[in-house]
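A.B. asks: For reference, the chains in residue letters:
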Amino acid sequence: MTKKPEFAPETLALARKLMKRYPEGKHKSALIPILHLAQAEFDGWLSPETMDYVAAILNIQPIEVYEVASFYSMFNLKPVGKCHLEICRTSSCWLMGAEDVVAHISKKLNIKEGETTPDGMFTLKTVECLGSCGTAPVMQVGATYFENLTLEKVDQLLETMKSEGKRRSYTDKVQSSNI
Amino acid sequence: MSRKLLLEHDHVPGINTYAVYRQMNGYASVEKALKSMTPETVLEEVKKSGLRGRGGAGFPTGLKWSFLAKPPGVARYLVCNADESEPGTFKDRYLMERIPHLLIEGMITSSFSLGARTSYIYIRGEYYYVANILEKAIEEAYANGWLGENILGSGFSHDMHVQIGAGAYICGEETALLESLEGKRGNPRIKPPFPAIAGAWGCPTVVNNVETIAAVVPIINEGGEAYSKIGIGKSTGTKLISASGHINKPGVYEIDLGLPVEEFIYSDQYCGGIKGGRTLKAVVAGGSSVPILPAELILKTAKGEPRLMSYESLGDGGFLTGTMLGSGGFIVMDDTTSIVKNLYTFARFYHHESCGQCSPCREGTGWMEKILHKILDGHGTLADVDLLWDIQGKIEGKTICPLGEAAAWPVAAAIRHFRAEFEEYVTNPQSIKDVKHYYRLHNLQPA
Ligand SMILES: Cc1cc2nc3c(=O)[nH]c(=O)nc-3n(C[C@H](O)[C@H](O)[C@H](O)COP(=O)(O)O)c2cc1C
Ligand code: FES
Chain A
161 MTKKPEFAPE TLALARKLMK RYPEGKHKSA LIPILHLAQA EFDGWLSPET
211 MDYVAAILNI QPIEVYEVAS FYSMFNLKPV GKCHLEICRT SSCWLMGAED
261 VVAHISKKLN IKEGETTPDG MFTLKTVECL GSCGTAPVMQ VGATYFENLT
311 LEKVDQLLET MKSEGKRRSY TDKVQSSNI
Chain B
710 MSRKLLLEHD HVPGINTYAV YRQMNGYASV EKALKSMTPE TVLEEVKKSG
760 LRGRGGAGFP TGLKWSFLAK PPGVARYLVC NADESEPGTF KDRYLMERIP
810 HLLIEGMITS SFSLGARTSY IYIRGEYYYV ANILEKAIEE AYANGWLGEN
860 ILGSGFSHDM HVQIGAGAYI CGEETALLES LEGKRGNPRI KPPFPAIAGA
910 WGCPTVVNNV ETIAAVVPII NEGGEAYSKI GIGKSTGTKL ISASGHINKP
960 GVYEIDLGLP VEEFIYSDQY CGGIKGGRTL KAVVAGGSSV PILPAELILK
1010 TAKGEPRLMS YESLGDGGFL TGTMLGSGGF IVMDDTTSIV KNLYTFARFY
1060 HHESCGQCSP CREGTGWMEK ILHKILDGHG TLADVDLLWD IQGKIEGKTI
1110 CPLGEAAAWP VAAAIRHFRA EFEEYVTNPQ SIKDVKHYYR LHNLQPA
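As you go down the protein sequences, you meet chains A and B in turn. Quick note: the first sequence uses the numbering used here, first residue 161, plus one each step. Quick note: the second sequence uses the numbering used here, first residue 710, plus one each step.
Think of the hints as simulated: they come from the structure by calculation, not from any bench. One should not assume that every hint holds.
Said to hold, decoys possible - Think about it this way: if two alpha-carbon atoms lie no more than 27 Å apart in a straight line, the pair counts; the simulated BS3-like pairs of lysine-lysine are: (1) B:LYS984 with A:LYS313; (2) A:LYS186 with B:LYS779; (3) A:LYS268 with B:LYS893; (4) A:LYS313 with A:LYS272; (5) B:LYS893 with A:LYS238; (6) A:LYS188 with B:LYS893; (7) B:LYS900 with A:LYS186; (8) B:LYS779 with A:LYS285; (9) A:LYS164 with A:LYS188; (10) A:LYS267 with B:LYS1142; (11) B:LYS1083 with A:LYS272; (12) A:LYS180 with B:LYS845; (13) B:LYS845 with A:LYS177; (14) A:LYS267 with A:LYS333; (15) A:LYS326 with B:LYS845; (16) B:LYS845 with A:LYS267; (17) A:LYS186 with B:LYS893; (18) A:LYS180 with B:LYS893; (19) B:LYS845 with A:LYS188; (20) B:LYS1083 with A:LYS285; (21) B:LYS958 with A:LYS313; (22) B:LYS779 with A:LYS180; (23) A:LYS186 with A:LYS163; (24) A:LYS285 with B:LYS1079; (25) B:LYS1079 with A:LYS272; (26) B:LYS1079 with A:LYS267; (27) A:LYS177 with A:LYS272; (28) B:LYS893 with A:LYS164; (29) A:LYS285 with B:LYS1142.
To be verified - Taking beta-carbon pairs under 10 Å as the criterion, some of the chain A residues facing chain B (in silico): (30) SER189; (31) GLU227; (32) PRO239; (33) THR250; (34) LEU290; (35) PHE306; (36) LEU318; (37) THR320.
Stated by the list, open to error - Distance windows between CB atoms, simulated: (38) A:ARG176 with B:GLY723: 25 to 35 Å; (39) B:LEU772 with A:MET281: 51 to 61 Å; (40) A:ALA263 with B:GLY1087: 11 to 21 Å.
Keep in mind the model is a prediction, meaning the values are calculated, not measured. Note that CB positions come from ideal geometry on N, CA and C, so glycine has one too.
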């Protein structure tokens, strides 16, 4: 059993600040922004314990958190690798060879879509249009968009991520999307 | 060459910072509106400009603003739709990332006209890093007196917040967006009441696209009439086009509405022609939801007139021979492209993104995806093609929100214009292998 989730004091302060952005009594509106903070802080996914903790912060029923967390595709309800490789598979990316990128990564890491490498480093996922169609094919990992992918670039990226060994989250502060 | 109204300074170094943006005459529209105009005269200029919503539907912005209910003592909101999830569309991201202050300036000027004390920018979760750029720009705007209490001593006060989404195309539909803003699942609401009467937290709300709100800045600076003179007919002003696919120069282009499609595709100023000197097969002109057109119908209307980049010209011929400007997501396909496979990526998309409230959409999108998968697997029949046609027709018009139509139209258009390709796939499965139905970029091979 993991220990009970609890935000670092700065994160909790940020969550409380976010709740003040809405009209009196409408602080539930901060649910999605706070779930992002929670996912980033608690190992990249939302466990039932994490969701209950968020419900307590917002003073709402746990079911109100579960039903939202399960609706949005960026929230992971199961553990994922430190680097969640999200490759766009929609039209423009497909036209520019996204299937080759997916096949290449799948072979290289020896995992299928939806699977995680045994060392917990990578999870492979295909996603829908990321709003980066002009720089296709594209892959999102945490906050960063990796654009105009080639198989060579992908190889380098995987190397770098593996040697850094750190978790990448949507909430990371990154400078610019382009590499 | 046309003048740029939104992206004029997109390549100026540091334009994302307040200091440089201000040097380039930034925030002039707020100054003008707050010092020498009234909410009503700002609205008049927007009406005169002929500006139409840039999110996809093309509804006249001034008219939409004039519907906003103003019961005394009730808060009103402006909500910016930065959900940008329509496949093929990436212009809003470009604008927000490069020139975040342009959106913020437009939000303030628009909020002044609407009488909104608070506004929100709802941005898709995948753009988290862009949300951080906006947050920083908002901080700068507060620090320099453009947000907060009693702006420029005018008595107008305004607060602005960024609201992050979490991955759901449906949250681009304005009532689903409002549900999401309220911390709920993105299920579209039954209309009426429209957001102008009961929107965010039940209060009167205007929802506008990023580009629509940004366009308010040049409209106020230069006057609605000057703006209305750009473009053609009822398609006034400039439009950001996201160009992608098999072209030499993909990217975001600001065009005067009315530019010939042929010039847009082949001129070096824009797409620069088809990649590798190949020939054009088809174009999806306004994001995944609009009907695909074969080369001959995208370049010329059925009457043989040159097709223009405008709401009217792209719509010429209705759905039989025309399409829509939509969000301006312009996807170009060369002669190696499998239309069936492309359609499959769209069908899979709509199935994935259906919120599941309405049975025709929830079940129909999944069914269409499965049939297309079966055809691409070499097991399709002629009856399957007819079944696809039948299903799409039974989704259209039978759902709470237009995601149903958005899923149905691409299927209808692909079959209407490329039926022979579907028939070849089902009568001669070998042909599917021959096409290999996706484009292999030479630069994609490992070194
Ligand atoms: C399924 C669906 C998805 C939509 N996605 C977007 C979107 O990502 N961005 C957007 O601005 N409008 C989107 N719209 C249109 C909005 O509902 C709304 O019309 C628009 O935000 C109004 O702003 P405008 O008048 O400035 O265009 C979508 C509509 C539907 C039905
Ligand atoms: S289709 Fe891949 S980013 Fe749009």
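A.B. asks: With reference to the structure, classify each hint as holding or not holding.
C.D. replies: Outcome of the hint check:
Proximity of LYS984 of chain B to LYS313 of chain A is assessed by CA-CA distance (about 21 Å); at most 27 Å being required, the pair is judged to hold. A distance of roughly 21 Å separates the Cα atoms of LYS186 of chain A and LYS779 of chain B; the hinted pair therefore holds under the 27 Å criterion. The hinted pair formed by LYS268 of chain A and LYS893 of chain B fails the criterion: a straight-line CA distance of about 39 Å is larger than 27 Å. Distance hint between LYS313 of chain A and LYS272 of chain A is fulfilled; the C-alpha atoms sit about 20 Å from each other, no more than 27 Å.
The hinted pair formed by LYS893 of chain B and LYS238 of chain A meets the criterion: a straight-line CA distance of about 21 Å does not exceed 27 Å. For a cut-off of 27 Å, the pair hint linking LYS188 of chain A to LYS893 of chain B stands: about 9 Å separates their Cα positions. For the hint pairing LYS900 of chain B with LYS186 of chain A, the CA-to-CA distance comes to about 22 Å; that is within 27 Å, so the pair holds. For the suggested pair LYS779 of chain B and LYS285 of chain A, the alpha carbons sit about 47 Å apart, so the restraint of at most 27 Å is broken.
Only pairs whose Cα atoms come within 27 Å are accepted, and LYS164 of chain A paired with LYS188 of chain A is accepted, the gap being roughly 22 Å. Of the supplied pair hints, the one linking LYS267 of chain A and LYS1142 of chain B holds, its CA atoms being roughly 22 Å apart against a limit of 27 Å. Distance restraint check for LYS1083 of chain B and LYS272 of chain A: the Cα-Cα separation of roughly 21 Å lies within the 27 Å cut-off, and the hinted pair is therefore satisfied. Between LYS180 of chain A and LYS845 of chain B, the direct Cα distance comes to roughly 18 Å. Compliance with the 27 Å bound is thereby established for this hinted pair.
The suggested pairing of LYS845 of chain B with LYS177 of chain A holds, with an alpha-carbon distance near 16 Å, which does not exceed 27 Å. For a cut-off of 27 Å, the pair hint linking LYS267 of chain A to LYS333 of chain A is broken: about 31 Å separates their Cα positions. For the suggested pair LYS326 of chain A and LYS845 of chain B, the alpha carbons sit about 26 Å apart, so the restraint of at most 27 Å is met. At most 27 Å may separate the alpha-carbon atoms for a hinted pair to count; LYS845 of chain B and LYS267 of chain A exceed this at roughly 41 Å.
For the hint pairing LYS186 of chain A with LYS893 of chain B, the CA-to-CA distance comes to about 12 Å; that is within 27 Å, so the pair holds. At roughly 17 Å between alpha-carbon atoms, LYS180 of chain A and LYS893 of chain B fall within 27 Å of each other, so this suggested pair holds. The hinted pair formed by LYS845 of chain B and LYS188 of chain A meets the criterion: a straight-line CA distance of about 24 Å does not exceed 27 Å. Distance hint between LYS1083 of chain B and LYS285 of chain A is fulfilled; the C-alpha atoms sit about 23 Å from each other, no more than 27 Å.
The hinted pair formed by LYS958 of chain B and LYS313 of chain A meets the criterion: a straight-line CA distance of about 21 Å does not exceed 27 Å. Distance check on the hinted pair: LYS779 of chain B and LYS180 of chain A sit about 25 Å apart at the alpha-carbon level, within 27 Å; holds. At roughly 31 Å between alpha-carbon atoms, LYS186 of chain A and LYS163 of chain A are farther apart than 27 Å, so this suggested pair is violated. At most 27 Å may separate the alpha-carbon atoms for a hinted pair to count; LYS285 of chain A and LYS1079 of chain B meet this at roughly 20 Å.
Simply put, LYS1079 of chain B and LYS272 of chain A have alpha-carbon atoms about 21 Å apart, close enough for the 27 Å limit, and the pair holds. About 26 Å separates the Cα atoms of LYS1079 of chain B and LYS267 of chain A, which keeps this hinted pair within 27 Å; it holds. Only pairs whose Cα atoms come within 27 Å are accepted, and LYS177 of chain A paired with LYS272 of chain A is rejected, the gap being roughly 40 Å. The hinted pair formed by LYS893 of chain B and LYS164 of chain A meets the criterion: a straight-line CA distance of about 25 Å does not exceed 27 Å.
With a C-alpha separation of about 26 Å, the suggested pairing of LYS285 of chain A with LYS1142 of chain B holds against the 27 Å cut-off. Restraint check, SER189 of chain A versus chain B: the minimum CB separation of about 5 Å is within 10 Å; hint holds. Checking GLU227 of chain A against chain B by beta carbon gives a least distance of about 6 Å; that is within 10 Å, so the hint holds. For PRO239 of chain A, the interface hint is violated, the least distance from its beta-carbon to any beta-carbon of chain B being 18 Å, above 10 Å.
The interface hint given for THR250 of chain A is met, as the beta carbon of that residue sits about 5 Å from the closest beta carbon of chain B, less than 10 Å. For LEU290 of chain A, the interface hint holds, the least distance from its beta-carbon to any beta-carbon of chain B being 5 Å, beneath 10 Å. Interface restraint check: PHE306 of chain A against chain B, minimum CB-CB distance 12 Å, threshold 10 Å, status violated. Taking 10 Å as the C-beta cut-off, the interface hint given for LEU318 of chain A is violated, the closest approach to chain B being about 12 Å.
Taken as an interface hint, THR320 of chain A does not check out: its beta carbon lies about 16 Å from the nearest beta carbon of chain B, beyond 10 Å. Evaluation of the 25 to 35 Å hint for ARG176 of chain A and GLY723 of chain B yields a pass: the beta carbon distance comes to about 34 Å. Between LEU772 of chain B and MET281 of chain A the beta carbon distance is about 54 Å. The supplied range of 51 to 61 Å therefore holds. Restraint check, ALA263 of chain A to GLY1087 of chain B: a C-beta distance of roughly 19 Å satisfies the suggested window 11 to 21 Å.
Hint compliance for this structure: hints 3, 8, 14, 16, 23, 27, 32, 35, 36, 37 are broken, all remaining hints hold.
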